[in-house]
Amino acid sequence: MKLPFPLLPPNASTVATEVDILYWFITAISAFFVVLVAALVVIFTIKYRRRHEDEVGADIHGSLVAELTWTFIPLVLSLLMFFWGADLAFRLARPPVDAMEIFVVGKQWMWKIQHPDGTREINQMHVPAGRNIRLTMGSEDVIHDYSIPAFRVKMDVVPGKLTTLWFNATTPGTYHLFCAEYCGTNHSGMIGEVIVMEPQAYEAWLSGATGGPAVPPAQAGEQLFAANACATCHSGQPGAIGPNLGGLAGAAVTLTDGRTVVADDNYLRESIMVPLAKVVAGYQPVMPPFQGLLSEEQVMQLLAYIKSLKPAGPAAH
Amino acid sequence: MSDVSQPRNSYLDAPYGLASWLLTKDHKRIAMLYLISITIFFAIGGLFAAGIRLELLTPQGDLWTSDLYNKLFTLHGVVMIFFFLVPSIPATLGNFLMPIMIGAKDLAFPRINLISWYLYIIGATVTLAAVFTGGLDTGWTFYTPYSSVSSQTAVTTAAIGVFITGFSSILTGLNFIVTTHRMRAPGMTWFRLPLFVWSNYATSLVMILGTPVIAITVLLVAAERALGLGFFDPARGGDPVLFQHLFWFYSHPAVYIMILPGMGVISELVAAMARKQVFGYSFVAFSSLAIAILGFLVWGHHLFVSSQSIYAGLVFSIITMLVAIPSAVKTFNWTATLYRGSISWQSPTWWVVGFMGLFTIGGLTGVFLGTLGLNIHLTDTYFVVAHFHYIMVGGAIMAYMGGLHFWWPKMTGRMFSDAGSKTSAVLVFVGFNLTFFPQFVLGFMGMPRRYHAYPDEWQVLNVLSSCGAGVLALGYALPLVYLTYSLFRGAAAPANPWGAKGLEWTIPSPPTTYNFEAEVRVDEPAYNYKSTREVHVG
Amino acid sequence: MQGTVSAHDGGHDAHAHNPNLQHHFYSMEQQLEASTLGMWLFLVTEVMFFGGMFLAYLIYRVIYPEAWILGSNHLNVAMGALNTGVLICSSLTMALAVRAAQTSNRGAQIRYLLLTMAFGSVFLIVKYFEYAEKFEHHLVPGRHFDMTLPQAGQQQLFFSIYFMMTGIHAIHMIVGLGLMLVILTMAWRGRFSASYYTPIEMSGLYWHFVDIVWIFLFPLLYLLGAHYSAH
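Residue numbers (our numbering), protein chains in the order written: chain A, 1 to 317; chain B, 1 to 538; chain C, 1 to 231.
Read the hints as simulated data drawn from the structure, not as lab findings.
Where a beta carbon is used, it is the ideal one built from N, C-alpha and C, also for glycine.
Hints are supplied without guarantee of correctness; some may be wrong.
To be verified - Facing chain C, according to a computed beta carbon distance under 8 angstroms, are these residues of chain A, among others:
| hint | residue |
| --- | --- |
| 1 | 257 |
| 2 | 274 |
| 3 | 277 |
| 4 | 280 |
| 5 | 291 |
The task is simple: from the sequences and hints, build the whole structure.
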């Protein structure tokens, strides 16, 4: 029988089935306990109903065996769920290295998407099926949350940092995209569509999409790098005022206070916006902050450019 | 004590006059002041809920503007949580019963008890003032930076209102703890305490440890807005997620402030209605403390998708699993208590049975949300909304209603309509499931919380939910009628209408001002129905 | 379940006529124990209250260590140290006032309470001058904050926390002074003696707590990092 309205979400990513299996497993366990408790309560209430006014219940105080039984069975079951859920969460949290990167910027109340070739769209995200896709997300104002129920993924988009989300869509189709973290007046209007296409159709769509001239993010980043005269200090030459950026992304960096940090997206972002928060050992704290001067989108483009730099540095680029 | 109508020198009658009520230091009168106030706020919160459910009848968001809708769900949450649920059982039933149950004449600090009520009223007034000076649209969670830099509504006023109300809660908790430690009658040892006292004690611990943190947190938000300080604003170097940590450090334990007293009520009702010792008394007692303590270590499960480290998520997830265990233990112990009991079919039992079903579902759906991999899909959806309503409405309010009916004869000296109470319990149970069960389904399909408009294909379930809310409202309105009626026309209540054990049933209904005419000495455990049987059967 | 007894413990009769015994307590001991436990619990809530701010301080200190050092250098260590000394003296006089109540010495009670209030007032006056200095140097967060400072945004965060913590501490001092005024009036009327001194003792606990908060604030805000050279 087919109902005229859905009771289950579409299943359109590689992890969706895994999430659903865990969901139905816990549902089965829960249903068992709900039925057990409800049945016992109803049976006891009927069977041991008060027959006459002065009657009192049996003089039973408890049983250690019973207490231990109903402590350990739920404990074992919940630990099973914990490990299962944790394992799944790790896979959901770690994007595969070969993932294609799409930039997402949330602002009240729209989603701005930029594809690797520079194609932009708003409140729509076209993606190819069967390919690992990583979203790098930032917010221009308050906290948002990028939620695609059909893929069973969701991640907050937090101002002041970059967050990531990955998925591998399996089935072409059009799916809901929601902002799932309350963000003000038009929160429920901050929605859109995720359109999963066959890879060839996606390529065709990219070449035919209209959304302004498509400048790839790394190239746009290079232009920003030049426009802001970043190369004056980050020249990549020995003795330069700023550190060499070639091969920096993903490398370990030693700071003036002796700490070592990994130069991930959030480190690079902070070093542009608030450079003096973490100063690289051997350099003076002289870089001006770009907070308020660069948009999240521009920061993402700069990051794309920095990541494209080879260890030799910009001079060789 | 016999079943004759009691002499009219009760706490209700002497002394007379409005001033004698507004300046009273009698814990029973203060309980009644709270009862009236929280009933008003329950009605106000219910009206806001009606606004939400009416809007969601249609997918388009066509009844209210988005701004008004956002204010409706925000105020529904703020009013229901801070002004109804948190004070509900502790401040009314707890206030009334705690001293009597331990054989004391009053709480340790009667004047502070009255101050608590005034703080509550002042805090509530300030918050309501926010409603009329721009409203509040941040959600009850006040998440930054929306609340601190973006919202155009009266956030500062509301935050100050919540801040003031917090001190009401702190002082009540403080009073209960000192009362439990220092005011017990001779012979009333810790393991003779009724379980309602244990659970209120655990609740009070959470109140005094958690509430100050929310107080300072909302104060920081108010300061950020009013004075331009930048604690949580990323544009000024602040970290908005720090707010979430501080907020949930209180607000997760606050869930236990709401449900623990309800668990205590259920322990009392199960024992009295089955006339049987609570199965595994010490396990039930200690599980309250376990919940109170573990409850402080799970706040991060609200932040699984907030960009919190996944390793932090792991720790919070496993502790969340652990906190489910004491709740399961309690549920099984209540069920076992019914085994071979002498179970009355009077109306308090009906509320207990309803609680057992709803609370079990509410607790188990919490396990879904505590599971890391599943939480990612379910968080911020209607699944969460359904889950916490099963705990707070299906659990806490069901227990509150059961307790209110059970002790109503003691509090007012009047019997109420048992048929009315049963009808109400059934209406609430049916209406509640009809309202909130479809929301689990909607949540799994991904319908986000706090949405003014939603995709068309989800309309059927939303309409079901709204219809259920109508039934639910009827179920809650009915007691208002027959309980009020009972005040004027109800039969005089005997001292012990249920044939229950406990010090409160040894004194007249309603009690006199100082509860006990003579000093009390306790020489038997709680729920000692065996002795009664020896009298009747042996 | 309950039996009635006329006098279940010896303490009851011994104090039955003490006018300070409230009706719902059995004995003065019970009343004192209740008050003491209540006050300690209240102080626990105060610890949690300040705890939220200490946590914010700690987290931002870890994120922005440089800005914290820079911010510390703008604070006046001499004034902070003076205030620390003043508060330690006030704790001493407060303890002596409680002692005077326990020995039923009304004159000493009044003398020491007045001294405590004097020290408390000196603290607030010094604080006033410190705050005034911050306003002059545009170190108060908000529109007039000196944005030319190095790491101005993060230093502003430091000063946000500085003003919040010291401000709430100062409010506690003002509440404490009000409390002292009430206690002083009671002491003036000779309410305290060896048999009843609960209010003065409880107020003393509160006063010491407020002092101890400052003992944490002073090194955290003024001293840590202040030995680095100013930029």
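We went through each hint and held it up to the structure:
no. : hint : result
1   : 257  : 6 angstroms, holds
2   : 274  : 7 angstroms, holds
3   : 277  : 6 angstroms, holds
4   : 280  : 13 angstroms, violated
5   : 291  : 7 angstroms, holds
Hint compliance for this structure: hint 4 alone is broken.
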